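A.B. asks: Sequence:
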Amino acid sequence: MNKTIRRASVFCLLLVLALLVRVTWVQAYQGQALADDKHNRRNLIGQYENPLGNIIVGGEAITGSTKTGGKDFGYKRTYTDGPLYAPITGYSSQAYGTTMLEGVYKNILNGSDSRLKTMMDMLTNKRADPGNVLTTIDPDVQKAAYDALQGKQGAAVAIDPATGAILGVVNNPSFDPGRITGANDKEAWAELSADKGKPMENVALRKPQAPGSTFKLVTLAAAIENGLVTDIDQPTGIPDPYTIPGTRTPLPSEAGSAACNNVSPRTAMRLSCNNVFAELAYKLGQDKMRAMAEKLGFNTQIDTPVRTNPPSKYPSKKMSIDQVAQTGIGQFDVQATPLQMAMVTAAIENGGKLVAPHMVSEVTDAGGTVLESFKDPKSQQVMKEKTASMLRDAMRTVASEGGGKPAQVAGAEVGGKTGTAQRGVNNSLSPLAWFTSYGKLNGKQIAVAVVIERSDTDRSEIGGGRLAAPVAQKMMEAWLKK
6 MNKTIRRASV FCLLLVLALL VRVTWVQAYQ GQALADDKHN RRNLIGQYEN
56 PLGNIIVGGE AITGSTKTGG KDFGYKRTYT DGPLYAPITG YSSQAYGTTM
106 LEGVYKNILN GSDSRLKTMM DMLTNKRADP GNVLTTIDPD VQKAAYDALQ
156 GKQGAAVAID PATGAILGVV NNPSFDPGRI TGANDKEAWA ELSADKGKPM
206 ENVALRKPQA PGSTFKLVTL AAAIENGLVT DIDQPTGIPD PYTIPGTRTP
256 LPSEAGSAAC NNVSPRTAMR LSCNNVFAEL AYKLGQDKMR AMAEKLGFNT
306 QIDTPVRTNP PSKYPSKKMS IDQVAQTGIG QFDVQATPLQ MAMVTAAIEN
356 GGKLVAPHMV SEVTDAGGTV LESFKDPKSQ QVMKEKTASM LRDAMRTVAS
406 EGGGKPAQVA GAEVGGKTGT AQRGVNNSLS PLAWFTSYGK LNGKQIAVAV
456 VIERSDTDRS EIGGGRLAAP VAQKMMEAWL KK
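Numbering-wise, the sequence shown is residues 6 to 487 according to our numbering.
Since the hints were derived computationally from the structure, they do not count as laboratory data. Wrong hints could be hidden among the right ones.
Computed list of lysine-lysine pairs in DSSO-like fashion (alpha-carbon distance at most 30 Å, straight line) [stated by the list, open to error]:
id	residue 1	residue 2
1	K322	K300
2	K8	K111
3	K8	K72
4	K410	K383
5	K111	K122
6	K201	K148
7	K191	K72
8	K288	K191
9	K318	K203
10	K300	K318
11	K288	K391
12	K131	K148
13	K293	K391
14	K300	K212
15	K203	K293
16	K212	K322
17	K410	K323
18	K293	K323
19	K389	K300
20	K358	K391
21	K111	K380
22	K122	K148
23	K449	K148
24	K318	K358
25	K410	K380
26	K391	K318
27	K391	K410
28	K122	K380
29	K449	K389
30	K383	K449
These numbers were taken from a predicted model, which means no experiment stands behind them.
Please work from the sequences and hints to get the whole structure.
C.D. replies: Okay, structure coming up:
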C-alpha cells in the first residue's frame with residue numbers, strides 16, 4: 006500500500022471514530038437532555054397521546070379529555086364548568102402551555118412523573134397512567150362566590166382558618182379554558198388576550214392592589230402586639246381634624262371629624278376612622294409595621310401550590326413619616342391580594358395562628374395511592390391569642406353595628422372589616438371596594454376576602470360594605486349552613 010492510500014485510510018478511520026464518539030456522547034450523555042428539551046415536539050405529542058389525569062373538586066372531576074381525531078395529538082383537555090373553576094385549574098393547551106394547577110402538576114396529569122411508573126413501565130419505557138390532583142375547594146362556596154360576583158368585576162378567596170384549606174378562589178370576569186386547549190385555537194386566544202376585562206388574569210391570587218381600610222386590621226394588630234393599644238374601648242386621644250405627620254395635608258374620614266375625634270380603637274374600626282390608624286402607624290414606625298405585615302404573609306411568595314407572584318407588599322424601602330402614616334390605612338405602596346387579606350382574617354379567627362393556605366389536599370397515582378399529602382400544613386403563631394381576641398371583638402362590632410352589617414349570617418358569629426381604596430393618579434380610577442370577614446357556627450369556621458374592582462354603582466356609592474360584603478356573606482353562608 007503506498008503512502009498516499011495509507012494516509013487516506015487512516016484519515017477516514019479517524020473520521021469514523023470521531024463520528025462514533027459523537028454518537029456515543031449524544032446517546033449516552035445528551036440523550037435525556039434532548040428528550041426533555043422544551044422544543045422537542047415529541048414530548049408535547051406524548052403529553053396528549055392519551056387521556057390526562059384529572060383535577061378533583063368535592064369528589065368529582067372538573068376536568069376530562071376528549072379524542073381530537075388529529076394525527077399529532079390523540080386527546081385534548083376538557084373542562085366542566087370551565088369559567089367557574091378557571092382560577093384554580095388554569096388551562097392545559099397544546100399551543101399555549103399550562104397554568105395554575107394544570108401547570109404545577111403537569112407531569113402528574115400527563116403521566117411523565119417518575120413516581121407514577123410501575124416496574125413494567127420502567128422496563129418498557131412506557132408512559133405511566135396519569136395521576137390525579139384532589140383539591141380543597143368546596144363546590145358550594147365556589148358557586149356562591151361566582152354567582153354573587155356576577156355584574157361586578159372582582160375576586161374572592163375563602164379559607165378554613167383551622168386547616169388552611171382554601172375553600173374558594175373566584176374571579177369575574179372569568180374564561181372557559183376549554184376554548185384554548187387545542188392546537189388551533191388562535192382566534193379564541195386572541196379574543197381572550199384582547200379582552201379589556203382581562204379574564205385570564207388571576208386577581209384573587211396574583212394581582213396585589215391597595216387593600217384600603219381592611220389593612221387597618223394589620224395596623225391594630227401591630228399596635229396591640231407592641232403595647233401601643235391595651236384596651237380597644239379606651240379613647241386614643243388622637244384628634245380629628247387630623248393632619249398627616251410631616252405635612253400640612255388633612256386626612257379626612259368618611260364618618261366626619263366629630264365622629265372620629267378621640268375615639269377608641271373599637272369605634273375607630275367600626276367607623277373606619279383614618280386619623281386613628283394613620284397615627285398608630287406613625288407612632289409604631291416602618292419597622293414594626295413591616296414586621297407585623299410580614300408575619301402575616303406580606304413580602305413573601307406563597308405557594309398554594311399556585312405561586313402568588315408578585316407577592317403582597319408592605320414597603321421595605323425607607324419611607325418618610327407621612328408615607329408610614331398612610332400605610333396604616335392601607336394606602337401609599339401597600340398592596341395585597343384577596344388571598345393575603347383572607348390570610349390576615351384567618352389568623353385573627355384562629356387565635357393568632359396562621360396555617361399555611363393550600364388548595365390541594367392530595368396528589369395520587371391512577372390507583373389512588375397518595376404521592377403527596379397536604380393535610381398537615383405548617384402553622385405559625387403570628388400574634389398573641391389575646392391580640393387576636395381583641396381584634397375579633399372589634400370586627401364583630403363592625404359586622405353588627407357598622408358597615409359590615411350586610412355580611413351577617415343568621416345564627417353565626419361574624420366579624421368583618423370594610424375597605425375602600427383609592428387608586429390611579431389623583432384618585433382618577435374608580436376606588437376598590439374591599440371586605441374581609443370571618444364566620445363561625447357549630448364548630449365550623451371560614452375567613453373570606455373580597456375585592457370589587459368595577460361595578461355599575463355610582464362612584465359616590467362605592468364601598469366595601471355595600472359591594473363586597475354581600476359576596477362574603479354568600480360564601481360564609483354556603484360553608485357554615487352546609
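A.B. asks: Straight-line Cα separation of K293 and K391 no greater than 30 Å?
C.D. replies: holds, 19 Å
A.B. asks: Does the structure keep K383 and K449 at a Cα separation of 30 Å or less?
C.D. replies: holds, 20 Å
A.B. asks: For the pair supplied as a hint, K449 and K389, confirm whether the alpha-carbon distance does not exceed 30 Å.
C.D. replies: OK: K449 and K389 at ~22 Å, within 30 Å.
A.B. asks: Taking only the CA atoms, is the gap from K191 to K72 under or equal to 30 Å?
C.D. replies: Distance of about 20 Å is within 30 Å: holds.
A.B. asks: Below or equal to 30 Å on CA atoms is what counts here, so check K449 against K148.
C.D. replies: holds, 19 Å
A.B. asks: Tell me if the straight-line CA distance from K8 to K72 falls inside 30 Å.
C.D. replies: violated, 66 Å
A.B. asks: Regarding the pair K300 and K212, is the alpha-carbon distance no greater than 30 Å?
C.D. replies: holds, 20 Å
A.B. asks: Is the hinted pair K318 and K358 satisfied, with a Cα-Cα distance of at most 30 Å?
C.D. replies: holds, 21 Å
A.B. asks: Does K322 pair with K300 here, judged by a C-alpha cut-off of 30 Å?
C.D. replies: holds, 18 Å
A.B. asks: Between K131 and K148, does the CA-CA distance stay at or below 30 Å?
C.D. replies: violated, 40 Å
A.B. asks: Need the status of pair K8, K111: alpha-carbon distance at most 30 Å?
C.D. replies: Given that 30 Å is the threshold and the Cα spacing comes to 62 Å, the pair is violated.
A.B. asks: Sort out whether K148 lies within 30 Å of K201, counting only the CA atoms.
C.D. replies: Distance of about 24 Å is within 30 Å: holds.
The structure is inconsistent with the numbered hints 2, 3, 4, 8, 12, 15, 17, 22, 25, although it conforms to all the rest.
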